[in-house]
Amino acid sequence: MAVSTSPPADLSAALVLEPVAAADWLVILPVAWCLAIGALLVMLRRPIGLHPFIAIAGLAGLVVIDALLLHHVIVSGPVTMVMGRWLPPFGIAFTVDLTGALFALAASVVALAGGVYSLCDINDSGRRYGFYPFLMLLMAGVSGAFLTGDIFNLYVWFEVLLISSFGLIVLGSEREQIDGAVKYGFLNLVATTLFLVATGYLYASFGTLNMADIARKAEGLRGTAPLMTLTALFLLAFGMKAAAFPVNFWLPASYHTPRVVVSALFAGLLTKVGIYALIRVTVMLLPMEREELSFVIAVVGALTMLVGVFGALAQSDFRRMLGYLVISGIGSILAGIAVGGPGGIGGAIFYALHSMLVMTALYFASGVAAKLGGSFSLSSLSGLYRRHAGFAAISLMLAFAVSGLPPFSGFWPKVMLVKAALDIGAWWLAAALLVTGFLTTIATGRFFLLAYWRDTAGGQGAADEAQIPVAILLPLGVLTLLTLAIGLYPEPLLATIQSAAAGLSEPSSYLNSVFPGAAR
Amino acid sequence: MEAWFALLVGTFFTVAIYLLLSKFIIRVLLGVAILGNGVNLLIFTGGRLTRGVPPVIEEGADALAGPAANALPQALILTAIVISFSFFAFLLVLAWRAYEDLSTDNTDEMRVAEPEEEPAPPLGY
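Heads up: the sequence lines are chains B and G, in that order. Start counting the first sequence at 61; every next residue gets the next number (this note's numbering). Start counting the second sequence at -15; every next residue gets the next number (this note's numbering).
Bear in mind the hints are in silico, worked out from the structure with no lab data behind them. Take these hints with a grain of salt, some might be off.
[What the hints assert, rightly or not] Rough simulated footprint, nothing fancy, chain B against chain G, three-plus residues with beta-carbon under 8 Å:
#1 17 to 24
#2 55 to 63
[Unchecked claim] Just a few of them, taken from the derived set where beta-carbon distance is under 10 Å, the chain B residues facing chain G:
#3 188
#4 554
#5 555
Ideal Cβ positions, reconstructed from N, Cα and C, are used throughout, including at glycine.
With the sequences and hints as input, model every part of the structure.
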């Protein structure tokens, strides 16, 4: 036998031999947890009454796991775990740094709020259709995208969240939904295919797919490999996923068609995954190329903000207006990526986290408004203030938050972005940010004026005081309180975000975590 | 060899983009299918084409003797094929449902979600 004659192989050259520390299992746990809960829900197909409770418990568990993961990363820096114990770059690595952990935590909070809200929004037929398994699969994809350290693996998570979002967007199979889903489906599939094209070229130039390895090798390849082409392709692909200006049209065509809770989750999660991937690739992997392309990104960002907010001004449907506000927020984040530096990148991350919470809450509010007023349309909604003063207060706070007014969470990232833009002399970008904030105030203010204060029933309409179920008020109120808390006391979050941005621009600790002892 | 494959990939992309620009869903679907295959070919070519040297370790040896064909692109393509096939299947059914429900496969006429004549928001009370 050949085996007996050959010398014993030195496994330490190929495998991670020491067992993974117990705390490091947290790196993979969010994904495994979501998949396991999703599988459990699929197995329990018949007792659909149990679904929401299992899913809410699962999502609450996910929040705890992501919070522990964030704590672990804050304490001990980026953490890496490799599949099958193969040493990176050969094994597929999951590497969590502060940015990934922050995004994952925000995503899990949004998903938990959505899970609770769905108690009153998803009826039995929606449950039978598989809302909760799809939701858990979506969260597996979103968490995987935030936590992975391998670019092809990132593509796979994109597809996982895309296929589950297809399931969610057609939930109910109404004519409107089919129409929206066609546009959403085709354009998003083209976007991920472009991402795959870019990944193919990346592999052809670098010979590796591990993000840390790419970041190490980019310096040496700058002269020979077509890195600018690569970066431009990534920008187009992720810009399309994030609904940046010339490729944003799928979003307002589809986001208002599904169930309110689905719209809310999409607004909070999907575009932000695109933005996260853009930040990861342009800031950490190919920083010099981001520098070169910064003017293009800035112009795209400014146009995205303005197109978004003008679109919002032209809409009379609450949810379509919100769709345009999502786009306008993406523009602000792109402005931060274009400006770069700790202020720009930090502002972009902060704005993305703020936008996740606030846009989800605003979609929830649109659902409540439709329940109270019987319509999403601005021409028939009226008298919401009289019907529920508390809800009107929450809506006003959210309107302030999305416009970037103090004392809410939208204020600080806007300050950071405007300051960062002014520091590098891009006064026009700062002006675009401020004008966008002003126009957003007008759009949401007009909405508040017409839907909440206007009283076509003349004060003695059919119903006066209305009750809102706790399952709706709770997630809406908690997200609003979070917005207020971040606005009033931003220091801890701000400090974390600043070190996250520093870790992206100077990824030495990230590289060290993947390749221990091989620091440059 | 790679140059010819690059030309072939370019042809795939040209055809796919031409079809994707069409108004009719069925053509767009064909474009999506061709685009997916073009990308697979791109990854395959990007991994360099090496003939006649399979990456098989000789009996009794620990490692490959010399340069061999790259096996990783095939793993990537296999993943991409599975994904693009399932997406194509979903979109095919979606297009059929859209044709049944909206009785058109012309995207210009699909205006249910975004009606052509929408009332402007009210200007005052």
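Right, here's what the structure says about each hint:
1. Only residues whose C-beta sits within less than 8 Å of a C-beta in chain B count toward coverage, and the stretch 17 to 24 of chain G has 3 of them, enough to reach three; the restraint holds.
2. Counting residues of the stretch 55 to 63 of chain G whose beta carbon lies closer than 8 Å to any beta carbon of chain B gives 4, which reaches the threshold of three, so the coverage claim holds.
3. A cut of 10 Å between beta carbons decides the hint on residue 188/B: the least distance to chain G is about 18 Å, and the hint is violated.
4. Hint status for residue 554/B relative to chain G: violated, with the closest Cβ pair at about 36 Å, above 10 Å.
5. Among the interface hints, the one on residue 555/B is violated; its C-beta lies about 39 Å from the nearest C-beta in chain G, farther than the 10 Å criterion.
Hints 3, 4 and 5, counting from the list given before, are not met by this structure.
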